[in-house]
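Given the structure of chain A, go ahead and fit chains B and C onto it with the hints provided.
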Amino acid sequence: AEQPEAKACRMPEFVGTAIGDTMGLVIANVDSALLEAMNIDKRYRSIGIFGGRTGAGPQVMAADDAVKDTNTEIISIELPRDTKGGAGHGSLIIFGADDVSDARRAVEVALNNLEEKFGDVYGNPAGHLEFQYTARASFALNKAFGAPIGKAFGLIVGAPAVIGVMLADVALKAADVEVLGYASPAKGTSYSNEVILQICGDSGAVRQAILTARDVGIPLLESLGGPAPSSATPYI
Amino acid sequence: AEQPEAKACRMPEFVGTAIGDTMGLVIANVDSALLEAMNIDKRYRSIGIFGGRTGAGPQVMAADDAVKDTNTEIISIELPRDTKGGAGHGSLIIFGADDVSDARRAVEVALNNLEEKFGDVYGNPAGHLEFQYTARASFALNKAFGAPIGKAFGLIVGAPAVIGVMLADVALKAADVEVLGYASPAKGTSYSNEVILQICGDSGAVRQAILTARDVGIPLLESLGGPAPSSATPYI
Amino acid sequence: AEQPEAKACRMPEFVGTAIGDTMGLVIANVDSALLEAMNIDKRYRSIGIFGGRTGAGPQVMAADDAVKDTNTEIISIELPRDTKGGAGHGSLIIFGADDVSDARRAVEVALNNLEEKFGDVYGNPAGHLEFQYTARASFALNKAFGAPIGKAFGLIVGAPAVIGVMLADVALKAADVEVLGYASPAKGTSYSNEVILQICGDSGAVRQAILTARDVGIPLLESLGGPAPSSATPYI
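Protein chains in written order, with this note's numbering: chain A, 1 to 236; chain B, 1 to 236; chain C, 1 to 236.
Chain A with its partners taken away, still in its complex shape:
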């Protein structure tokens, strides 16, 4: 669709925007009544806010890079049912920090790394596939998917969910990996039309499982809705 021209924003809280209608913001001195309303116990002075309409895995991966690189913590990760009429999720991720410069830096890293994380998101009008891989998971992946810190982690998403079930089977047969989680429309998702498999294990095995699922997933999705190109540049 045609994209209306976005307008520049000069607010000091504004950090930037990125793919997936994603925005990053910071609050230097977060209101204490807001922290209480958000049910956050710890008295963070500053927060970073990062999320978009389209994409959950990519934003969580980008936030994972950000907490590795900065003096921040992941306060919360929430996944609305969104993607603007698509089959999946949007995202809302909050970083906590003692200093606003740390919060800002985390949001900048996340925004800068986001496009890469859309590299193995493939889509057409019928649905989407998503693959994520890291050799070393950090706190965002731990919070969102229970990934063990410092270990290899992989995410395999198929939408509509019918495709995701098949990809889960293919991935688990392809290599000796461990299932961390399996989410489906009625359990573990926000009622999205996805099956999401989370795996860990030896980094080579995790990567092999993902690549095999990707090889199977693309022709399946294309049989339903035509060409399903990458949203950016594949990275796995």
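Heads up, some of the hints might be wrong.
The list makes no distinction among identical chains, and a pair is therefore deemed to hold if it is satisfied within one copy or across any two copies.
Simulated crosslink set (SDA-like; lysine to any residue; CA at most 20 Å straight-line) [said to hold, decoys possible]: (1) 7 with 125; (2) 84 with 124; (3) 187 with 41; (4) 143 with 187; (5) 68 with 84; (6) 151 with 178; (7) 187 with 39; (8) 84 with 125; (9) 68 with 112; (10) 42 with 119.
What the hints contain is simulated information worked out from the structure, not anything from laboratory work.
Chains B and C alone, transformed into the frame defined by chain A:
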């Protein structure tokens, strides 16, 4: 998008339609098996039915006017995840009455007042903002948001949720208001991509908090998706 | 909208595609870690996978035919919030079998019968109506809607939900039927903008209730969004 031509409906139960694919209906003698299936204890003779595809706050506000003006009660308010591919909610509101003329009158008032309540809904392809204000909340706002009856109440919505977090902070800093509720994608919404802040307090303070949030929200949303005009005529 | 050309898929697991962005697949020897992750106790050797972006009732009805005709069981039925920006659900249905040829046959029957089940789905840009009827419910309808096995069953769906409330009342007044279930945006749906009535009873009464609701529903939906044609060919 082009709007197909709606056809006139001559059913006696039909009251009318309004903005947001909203419809109003009445049932003079509601079937007792239906009341039971809906889990309604009280034996209302007549019900009014009011709701749409797009919008929850506007319909709740319009229903609030309607219960003030008529001899009806709010039976239930339910908020589907809708807005036709947008980031928010739709609505289903049911009025109870002893007499069908009262139910009809409530639905008429709600339909007539709905466009005004869309006055401070601002949208573009990336999301929407919503602001609602009343000096005197009634039963619909009480049921939906816990607003104290007869007191000033304000609603501040930002979508995608990333914007809503910022608006909540700005509003709470702008004036001495009390937080009634804070809803986010995983808690208090139907997994919509929104953050919703509900406030009460002195009417001047509530209004000030809302106006400040509105001033911040519009440029933020426009930085993501271009011009974000009002859906009708701003009223606050 | 223009439909991109789907590409042929030659994988042995691929069974076919159908209306509603629906796909059918089989897995001959399902991975045991996947069965465990899906929380399935029984050790099925083969599974059939069937579901789509648009439609839940039609897919459940088609799966109901499939279990009648084949040596399979319904393992699970999950209903995402989908329909590609519409007001309703998508679907994910899993068949279990000892032999892959049985699983394949079930998926084939479901795919072949799906278009018929869209016969009484009526839609326009404002919403949709769905009516389903069978003189003899089987295991899929039992699992999804609690339909008594071997008895007449009817499904009445109105979206936006405001229309569904009216159809439920009309149906219950039209004939002596029993309410099996009533689902609404906040209860029993995946936050869809629908009211769904499930009824059973004498087959003539069930059919009469459905036909009366259909006569009332179409002009109501058309008053909101213009012509609301059948998605295929009406069968009731």
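Hint-by-hint comparison with the structure:
Taking the shortest Cα distances, residue 7 and residue 125 sit within 20 Å of each other only across copies (13 Å), while inside one copy they are farther apart (28 Å). When the C-alpha separation of residue 84 and residue 124 is checked against a cutoff of 20 Å, the pair qualifies both within a copy, at 13 Å, and between copies, at 12 Å. In this assembly of identical chains, residue 187 and residue 41 lie within 20 Å of each other by CA distance solely across copies; the values are 16 Å between and 27 Å within a copy. In this homomeric assembly, residue 143 and residue 187 come within 20 Å of each other (Cα to Cα) both inside a single copy, at 17 Å, and across copies, at 17 Å.
In this assembly of identical chains, residue 68 and residue 84 lie within 20 Å of each other by CA distance neither inside one copy nor across copies; the values are 30 Å within and 36 Å between. With identical chains, the CA atoms of residue 151 and residue 178 are at most 20 Å apart within one copy only, with a shortest distance of 12 Å there and 44 Å across copies. For a Cα distance limit of 20 Å, the shortest separation of residue 187 from residue 39 across copies, 11 Å, qualifies, whereas the shortest one inside one copy, 24 Å, does not. With identical chains, the CA atoms of residue 84 and residue 125 are at most 20 Å apart both within one copy (12 Å) and between copies (9 Å).
Taking identical chains as interchangeable, the C-alpha atoms of residue 68 and residue 112 lie at most 20 Å apart only when both belong to the same chain, with a minimum of 14 Å there against 51 Å between chains. Taking the shortest Cα distances, residue 42 and residue 119 never come within 20 Å of each other, neither inside one copy (35 Å) nor across copies (38 Å).
When each numbered hint is compared with the structure, violations occur for hints 5, 10.
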